[in-house]
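Based on the sequences and whatever the hints tell you, model everything.
As they're listed, the protein sequences go chains A and B. Here our numbering is used: the first residue of the first sequence is 4, the next is one more, and so on. Here our numbering is used: the first residue of the second sequence is 12, the next is one more, and so on.
Calculated from the structure, these hints are not laboratory results. Since we're looking at a predicted model, the values are computed, not measured. Possibly wrong hints are sitting among the right ones.
Pairs of lysine to aspartate or glutamate residues, derived as DMTMM-like cross-links and limited to a Cα-Cα distance of at most 20 Å, are as follows [to be verified]:
1) B:339 - A:66
2) A:263 - B:338
3) B:18 - B:499
4) B:18 - B:474
5) A:83 - A:56
6) A:36 - A:66
The calculated label-pair distances, taken between Cβ atoms and stated as ranges, are [unchecked claim]:
7) B:214 - A:219: 31 to 37 Å
8) B:92 - A:215: 39 to 45 Å
9) B:144 - A:262: 42 to 48 Å
10) B:97 - A:99: 33 to 39 Å
All C-beta atoms in this analysis are idealised placements derived from N, C-alpha and C, irrespective of residue type, glycine included.
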Amino acid sequence: MRLSLHTAPEVPLETDCLCPDQLLGKSAKEIAKLLVFHGNQRAELGEFFHIQEGAQNGTVTVEGDLAKVKQVGAGMSDGKLRIVGNVGAHLGAEMRGGEIVVEGSAGDWVGREMRGGRITILGDAGHLVGSAVRGAAVGMTGGEIFILGSAKNEVGNGMRRGLIAIAGDSGDFTGVNLKAGTVVVLGNLGLRSGAGMVRGTILSTQPAELLPTFCYDTTYRPPIVRTLLLYLRRQGFTIEDVYINGPYRRFSGDAIELNKGEILLYAG
Amino acid sequence: MTTLRIKNGKVYDPINGIDGQVCDICIQDGKIVAEVPEGSPCLDASGMVVMPGGVDMHCHIAGHKVNLARKFLPEDHRRDVQPRVGSLRSGVGGVVPSTFTTGYRYATLGYTTAMEAAIPPLGARHALEELNDTPVIDKGFYLLLANNVCLNQLLAQGRMEEFREAVAWWLNATKAYAIKLVNPGGDEPWKGRRNANVHDLDEPISGFENVTPRKIIRALIEVSNELGLPHPAHIHCNNLGHSGNYQTTLETMKTAGDLRAHITHIQFHSYGGERGKNPTSAARQIVEYIDAHPNISADVGQVMFGKATLMTADAPLTWLLRNITQDKWVNADTECESGCGILPFSYQERVYTHALQWAIGLELFLLAKDPWRMVLSTDHPNGGSFQNYPRLIRLLMDKKFRDEQAKKANPKAIAQTSLLDIDREFSLYEIAIVTRAGPARLLGLRDKGHLGVGADADITIYDEQEDKEAMFNAARYVLKGGEFFIRDYEFCQDGEGRIFHVSPDYDPKIEQVLKPFFEEYYTVQFENYPVSAHYLAHGVRVPTFRQ
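The structure is reproduced here in structure tokens:
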């Protein structure tokens, strides 16, 4: 099935129906009638998208510049969603399963409160990847988010389980309030990484300036890093051998919390 | 002239002694009348239960602490969005709903009056603005005066007449309905020393000579009485939540002597055991005292399992609980007047203390001989949202359901109480007392809580059902001031309720005493401090017994 944007929305378009669970098994006519919100106005999906029925192979492809289209794939539990172009905020929010691939860049809140499944973004992502909503303590609780470009601030805010990997740089407050789970940044970490983290792992292959509430423990070669990075390489990340083998400096923190979190920095 | 006759309904009107008899209720121009002319519109309430509109005498629905709680709980609101429907306005629900939603949801349950229980004088403007924006229901607020530096000074100097005049001035200046005491005297040590509080009624309060919590309590009870306020001093005792605090509660009640006093959310003040250790139930001791002393009344402040939000002027308490929850919290103080603490909380069945609190609340309801003086509240949203009332009513009316729920809760806690041994089940008549007639009478609102001639035509009509939770969850018809707001479960109009306030007489000379204090210590000019009448769009002045 293929949907292509024919009219760019003037204001953000909220389309939590753009998700294989809701689209597959429906006819093009039924899909065109699905409810979306254009700003605060109700509208139909067909007012913005051409819908082309295709082979029912469980894949939905959406084309066009969807930078103003929000909630794409929200709540998705199965199937595959391929987005050719950029996509707006809240991509795959509260997603439980299935796979989203974005051949472009994504807005803020990618995989907000995600529970399972996988999101792969070939371009960059905005702020708050895999994070909790404002006010809530817990963000992503499962699944994987792979970003082959860079991400902005507050990656994995309140994350409890799962894996976020970023090929480029991350912004400030990477892994802020991390409860557990793993954040891998192959580029540079921003400032104040791991602030308020309780448990969990943040790994970077580049040097970083850490908060004073993180203490140096040791330099070592943990086998899990090798396993993890080899896994990421198989998923399409380019990782040099030195990082896979190389020693890592371990810092524990955040001392204002439980002090059971760790930041691993490459020590080559 | 609008008239209506409600016929064939089973009427429960405890103030007039009507217990489920089928009789007609006649309404003319917003009031109950004896008879309406032939040919008046008629509502057939066959198979339905007719009650006066519900009266919640203790809840937190307006003012800056409620607003702070709304602001810092966005995660609680997002799953409960109330869109604009018809003439109703949009809002959000959750544990602390927005103003419009608060009004609509109270009305949905059949409540037509709710009193905001704790407003510091400086917050009166804000509270009135929000109450104006809380639709459908009638309301009012209680004024926090037990930690007021200026009043404490007058008390310390023994200037009792000026103390009384000052209280009267304050009630006038803020358009409040009653005097509220919260953790009397506890805020001053809290503000002055690190994490301090008072724990004994006879412990002196730092900064004031000869002032103790007992002195403050006695003085405000006396003033309430002397001014003839329709509702007596409304007291949140010291040591809320601490094991062994029932002694403090008994002492507080004894301090009243034979004067009228209302002890609020008494469940939180009925714990035995030793301070710092696990609490036990002291519901029996509390109930015995209240049964024997008709001058004392109470509302329960039932804890309901699930989400709650603690919001109180008892700032040291929230600090204590914050150390348990380790979650976000707010602590604030209101100049010379009060403290404030807010934190999200969740009562869990498996936790000993929470299960005990739940059981103690039910014990208080079920052991009390006089339901007129042990009325229903959850101290919304402290013990749970008011949206839990239907479930609470079912717990009181249905022994089997209650025992099932008790068996799910922490068994050690339930074994500490006599809950499983109590067979009492409330009748609809008793429910009408604890949710309507009782609170209205305690508030001194003569036109509320009953369906006798001259009463406000605030009427709720429920479909009679076996499952009382379902029955009380949604009223079929709700009339307020004689007009339909809910018809066949649907809102048919929006409207603003009234605001009740008192204005006891006072000697204007007291302003000369207060003004220098304001100039010295307040951020607000004395002249700008009193709330002007235009903040009361639909204000109703309730006369004191001396007016």
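Evaluation of the provided hints:
no.: 1; hint: B:339 - A:66; verdict: violated, 42 Å
no.: 2; hint: A:263 - B:338; verdict: holds, 18 Å
no.: 3; hint: B:18 - B:499; verdict: holds, 16 Å
no.: 4; hint: B:18 - B:474; verdict: holds, 14 Å
no.: 5; hint: A:83 - A:56; verdict: holds, 15 Å
no.: 6; hint: A:36 - A:66; verdict: holds, 19 Å
no.: 7; hint: B:214 - A:219: 31 to 37 Å; verdict: violated, 50 Å
no.: 8; hint: B:92 - A:215: 39 to 45 Å; verdict: holds, 42 Å
no.: 9; hint: B:144 - A:262: 42 to 48 Å; verdict: holds, 46 Å
no.: 10; hint: B:97 - A:99: 33 to 39 Å; verdict: holds, 35 Å
The structure is inconsistent with the numbered hints 1 and 7, although it conforms to all the rest.
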